[in-house]
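Peer 1: If you want the building blocks of each chain, they are given just below.
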Amino acid sequence: MLRASSQTSGDDVDLTGIVTGGALSWGARGGTPRKNAVETGIVGDKVLLAFVETALDDDAQATAATRNAVIETLGEAAMIDAAAVIAHFQRMVRIADGTGIPLDTSFAVQTADIREELGINDYGRAPQNSG
Amino acid sequence: MDTGFDYSQAGFAIRNDIATAHRAIWHKIGEPGNWWRGAERRAIVREARNARSCSACKQRKASLSPEVACAPHNTSSNLSDAAADAVHRIATDPARLSKHWLESLEADGLSDGHYVELLGVLVAAISIDAFHRALGLPLEPLPKPVPGEPNGYRPPGARDSGAWVPRVQPEDAGEAEADLYPSNAVPNVISAMSLVPDAVRMQQQLGRVHYLPLQSVMTPNDNGGRAISRLQIELLAGRVSSLSQCFY
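For the record, the sequence lines run as chains A and Z. Final position of the first sequence in the working numbering is 131; the numbers increase by one with none missing. Final position of the second sequence in the working numbering is 1248; the numbers increase by one with none missing.
Watch out, some of these pointers could steer you wrong.
[Claimed, not checked] Just so you have them, the derived chain Z footprint on chain A, three or more residues with Cβ under 8 Å:
hint, region
1, 59-68
2, 83-94
[Stated by the list, open to error] In the DMTMM-like style, the derived pairs of lysine to aspartate or glutamate whose C-alpha atoms are separated by at most 20 Å in a straight line are:
hint, chain 1, residue 1, chain 2, residue 2
3, Z, Lys-1061, A, Asp-122
4, Z, Lys-1144, Z, Asp-1160
5, Z, Lys-1061, A, Asp-104
6, Z, Lys-1144, Z, Asp-1006
7, Z, Lys-1058, A, Asp-104
8, Z, Lys-1144, Z, Asp-1129
9, Z, Lys-1058, A, Glu-76
10, Z, Lys-1099, A, Asp-104
11, Z, Lys-1099, Z, Asp-1006
12, Z, Lys-1144, Z, Asp-1198
13, Z, Lys-1144, A, Asp-58
14, Z, Lys-1144, Z, Asp-1222
15, Z, Lys-1058, Z, Asp-1006
16, Z, Lys-1144, Z, Glu-1171
17, Z, Lys-1061, Z, Glu-1031
18, Z, Lys-1099, A, Glu-72
19, Z, Lys-1061, A, Asp-58
20, Z, Lys-1144, Z, Asp-1112
21, Z, Lys-1058, Z, Glu-1031
22, Z, Lys-1099, Z, Glu-1067
23, Z, Lys-1061, A, Asp-59
Because the hints were derived from the structure by calculation, they are not lab data. Cβ atoms here follow ideal geometry from the backbone N, Cα and C, with glycine treated the same way.
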């Protein structure tokens, strides 16, 4: 969906940012994004990626820092909406992984190249690895 | 009148639709479902929270194979061993679940209906708890169980359609499931839990407030009126999926 959104909006987005991330050194770990963080081209990308990473890392202190960074960069309403999206996809990944649903055919075709490029085909529950 | 999820002291202006949905879902979790009593559904939530500190789950997660023999889970409920294992693994190591593992649960007495309902309750609770943790808020007390027995309902249109569990495809949805899908073209993840229709309804109710209304999802630039752009939304989604090693 990120690629579809960027193609529709005309924005030039580097999708490798969703795999490489860019901010695990944020907050309690030093206060700034990693030097080699990928520039995705999306406004606020570093603070948003950092928010995801600290939230999933279950580090309350670091999450407090990244939460504040999102507020400072994008505003409080944006931080709340970001928290909701993070919560949503922690549900969706478990639904997909827990039911063994196949990739939707059209989606598989449309994303074949980017899945290969980003290494998503190497994930454990990818179709060729699933049993 | 449902209570709870009072965000007035949260320190942030949390949207009312989020609070309303959380309250409704929490109440729903406390009710009897198709396969579990309310108290058992509450136990699933308790076990999900407990799994986060389970030493056996940490050991398994660190191992090369999820099949490695580990100590018993640190459980906090009276769920069966199979149900507790399902909760712990889905909560802590979802990317390494397998059809073989699910079949072992069924051999241990956890039916496909029980499993899908457990999954639906579990992921709703994980999601709501994750929202609280991201905002630094205390977790909501466990749902209050509503007395009553599960009704054993199994949708007549449920069939094998390539997933590990039977699903109701849009074209097979009967009158009772007519509200599940907005069209005949829905992604597999929407129909994934349709063996237990209320699991899909809870998923959609939460999805509307946490992510986007379903009609906005398939429109790439529609941000549903959120304070972040669709690009920012999908960046967050992609990063969560990547960190979770989710192929889907």
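Peer 1: Does each hint fit the structure? Answer for all of them.
Peer 2: Right, here's what the structure says about each hint:
{"no.": "1", "hint": "59-68", "verdict": "holds (count 4)"}
{"no.": "2", "hint": "83-94", "verdict": "holds (count 12)"}
{"no.": "3", "hint": "Lys-1061/Z with Asp-122/A", "verdict": "17 Å, holds"}
{"no.": "4", "hint": "Lys-1144/Z with Asp-1160/Z", "verdict": "35 Å, violated"}
{"no.": "5", "hint": "Lys-1061/Z with Asp-104/A", "verdict": "28 Å, violated"}
{"no.": "6", "hint": "Lys-1144/Z with Asp-1006/Z", "verdict": "16 Å, holds"}
{"no.": "7", "hint": "Lys-1058/Z with Asp-104/A", "verdict": "32 Å, violated"}
{"no.": "8", "hint": "Lys-1144/Z with Asp-1129/Z", "verdict": "16 Å, holds"}
{"no.": "9", "hint": "Lys-1058/Z with Glu-76/A", "verdict": "34 Å, violated"}
{"no.": "10", "hint": "Lys-1099/Z with Asp-104/A", "verdict": "18 Å, holds"}
{"no.": "11", "hint": "Lys-1099/Z with Asp-1006/Z", "verdict": "40 Å, violated"}
{"no.": "12", "hint": "Lys-1144/Z with Asp-1198/Z", "verdict": "18 Å, holds"}
{"no.": "13", "hint": "Lys-1144/Z with Asp-58/A", "verdict": "27 Å, violated"}
{"no.": "14", "hint": "Lys-1144/Z with Asp-1222/Z", "verdict": "37 Å, violated"}
{"no.": "15", "hint": "Lys-1058/Z with Asp-1006/Z", "verdict": "33 Å, violated"}
{"no.": "16", "hint": "Lys-1144/Z with Glu-1171/Z", "verdict": "36 Å, violated"}
{"no.": "17", "hint": "Lys-1061/Z with Glu-1031/Z", "verdict": "32 Å, violated"}
{"no.": "18", "hint": "Lys-1099/Z with Glu-72/A", "verdict": "45 Å, violated"}
{"no.": "19", "hint": "Lys-1061/Z with Asp-58/A", "verdict": "15 Å, holds"}
{"no.": "20", "hint": "Lys-1144/Z with Asp-1112/Z", "verdict": "25 Å, violated"}
{"no.": "21", "hint": "Lys-1058/Z with Glu-1031/Z", "verdict": "32 Å, violated"}
{"no.": "22", "hint": "Lys-1099/Z with Glu-1067/Z", "verdict": "12 Å, holds"}
{"no.": "23", "hint": "Lys-1061/Z with Asp-59/A", "verdict": "18 Å, holds"}
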